[in-house]
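Asker: Whenever a hint applies, use it, and build me the whole structure from the sequences.
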Amino acid sequence: MDRLFELGPEFWTAAGETLYMVAFTLLIGGAMGLVLGIVLYATRAGGLLASRVVFTVLNVVINFFRPIPFIIFIAVAQPFARLVIGTGIGNDALIFTLSIASSFAIARIVEQNLVTVSPGVVEAAKAMGAGPFRILRTVVIPEALGPLILGYTFVLVAIVDMTAVAGYIGGGGLGNFALVYGYRQFEPAATWAAVLLIILLVQVVQFLGNWLARKVMRR
Amino acid sequence: MALVSLTDVTKSYPPADRSGAPVVAVDAVSLDIEPGDVYGIIGYSGAGKSTLVRLINALEPATSGSITFDGRELTAMPERELRGVRLGIGMIFQQFNLFTSKTVWKNVAYPLTVAGWTKSEIRLRVDEMLEFVGLTDKANSYPEQLSGGQKQRVGIARALATSPRLLLADEATSALDPETTQEVLALLKRVNREFGVTIVVITHEMDVIQSIATKVAVMDGGRVIENGDVFDVFSDPQNASSQRFVSTVVKGVPSPAELAVLRERHEGRIVTLSFRDGDASQASVFVDLATAGIEFELVYGGINDIQGRAFGHLTLAVRGEGAAIDAALAKIGERIDVTEVA
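Here the protein sequences line up with chains E and F, keeping their order. Quick note on full-length UniProt numbering: the first sequence kicks off at 1 and runs consecutively. Quick note on full-length UniProt numbering: the second sequence kicks off at 1 and runs consecutively.
If you are wondering where the hints come from, they were derived from the structure by calculation, not from laboratory data. Predicted, not measured: the structure shown is a model, and the values here were computed from it. Be aware that one or more of the hints could be misleading.
[To be verified] If you want a taste of the chain E side facing chain F, the calculated C-beta under 7 Å gives, among others:
hint, residue
1, Pro119
2, Val121
3, Ala124
4, Met128
5, Glu143
[Claimed, not checked] FRET-style restraints, in silico, Cβ to Cβ:
hint, chain 1, residue 1, chain 2, residue 2, range
6, F, Tyr13, E, Val216, 34 to 40 Å
7, F, Tyr13, E, Gly16, 57 to 63 Å
8, E, Pro119, F, Arg193, 32 to 38 Å
9, F, Pro78, E, Val202, 47 to 53 Å
10, E, Arg52, F, Ala175, 33 to 39 Å
Virtual Cβ for every residue (Gly too), placed ideally from N, Cα, C.
Answerer: Below, the structure written as structure tokens:
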């Protein structure tokens, strides 16, 4: 336990790194996933911008990457991270990898939520002379906003999980902290401290997500 | 000139599987809708009514044939231009299709934003429309806080915000209870009268047609099997499907089964007198029977009022001397249709 107090500064640095990775991954991966999800929704058969080619290609690409276990994906994506970020290890390289991996998952979640928007409402907007991009922006996304927020909350929790895994391959954060100081140095207290903080983080995120979704959905 | 003109319009969908035949939803339909009409289109579900109405605002492209709105051919028009046309055509739906994430006020404002109106113009117009449908106090409510009738009134305000010349109503009252249905129909009548908006009403309920339509087309299997003035179709439906629809609201000629029951209950001869607007009045007919010393009893039927014109079928059981009855019926038969049914 004394050792844990000694590790205090490292612990809080690790917590900061986790938040840093999670925040940027959510920002970048979230934005890319949103775009991909909207493209999937819009190009599907009978969609606002139906295109069999675009949909099929994107669908296959996403299905290709999604099943790759994240820990392996980090290794696969490392050369690309080096190309784009300039380095294959460290938090910034991991944000790159995390963003790519999460964007595919987010794309599916966004697609699933947009599909639940009543086709009748979309038709009503069409009948009023609205174009497809306007309908996506002013009807489809607002109508699906509540479920989207819940979807993103779910993803955020998954990203926290992924950053912990990333700690195993050259990343910092609470996962790395638990691994280095807890697991390798036989200090269960360090492991548990990291675990408890992650649980706390997830609870807060989920609570905020639920609250926001309820506020938006008013159903 | 017709506001909407369909000429030989067909809409077919590709077959569900490769070997199947294409599904023909609308089959060689020709129809003219004149400005000011309240044009009812009636048919069972799957008859092609909903597809037909979506051809008029080009939500569905026609497979072949010609569709004009206000003199402009829609079938070859590029999508971008069609959006402009749709601003001049309002549409309301069975499930209302309001934007659940927007307030009543924003729902009504939406088409105006699409049409590019300025903020101050929008504000005036939305307030005006909400007042017209009597929902000024609900401006800041969300759709799920409204009753069905209120939702449809919002739908109507939204559809009419851009002052379209044509309103398409797709089963607009089918999800409402009878009382609310009458309320919404009365509102549509006002829309037609006060704003001169031409209305196309899709329905499977004949009483909707009876309350507001001036013309009607009966659809079956993608085809228009009968159309014309509501009075003509109601008083003298030409084919079996139309007769079935008419019989749901008009108590007309007894069916064979009903006739058998009547036969059992009443002695004497049973005749059906068919009155049409402009024919001899009922009074004169009954006076003739009475003066001939014929005893009669009204056993079936009714008189209907369509657009202020009356028609109906009355079935009588008559008793008396055979020759006197024949003479009286012959005399009446000069003025109205008399059918001896049993």
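Asker: Compare the structure with each hint and give your call.
Answerer: Status of each hint after checking the structure:
no.: 1; hint: Pro119; result: 9 Å, violated
no.: 2; hint: Val121; result: 5 Å, holds
no.: 3; hint: Ala124; result: 4 Å, holds
no.: 4; hint: Met128; result: 4 Å, holds
no.: 5; hint: Glu143; result: 5 Å, holds
no.: 6; hint: Tyr13/F - Val216/E: 34 to 40 Å; result: 37 Å, holds
no.: 7; hint: Tyr13/F - Gly16/E: 57 to 63 Å; result: 58 Å, holds
no.: 8; hint: Pro119/E - Arg193/F: 32 to 38 Å; result: 33 Å, holds
no.: 9; hint: Pro78/F - Val202/E: 47 to 53 Å; result: 51 Å, holds
no.: 10; hint: Arg52/E - Ala175/F: 33 to 39 Å; result: 35 Å, holds
In terms of the numbered hints stated before, the structure departs from hint 1 and from no other.
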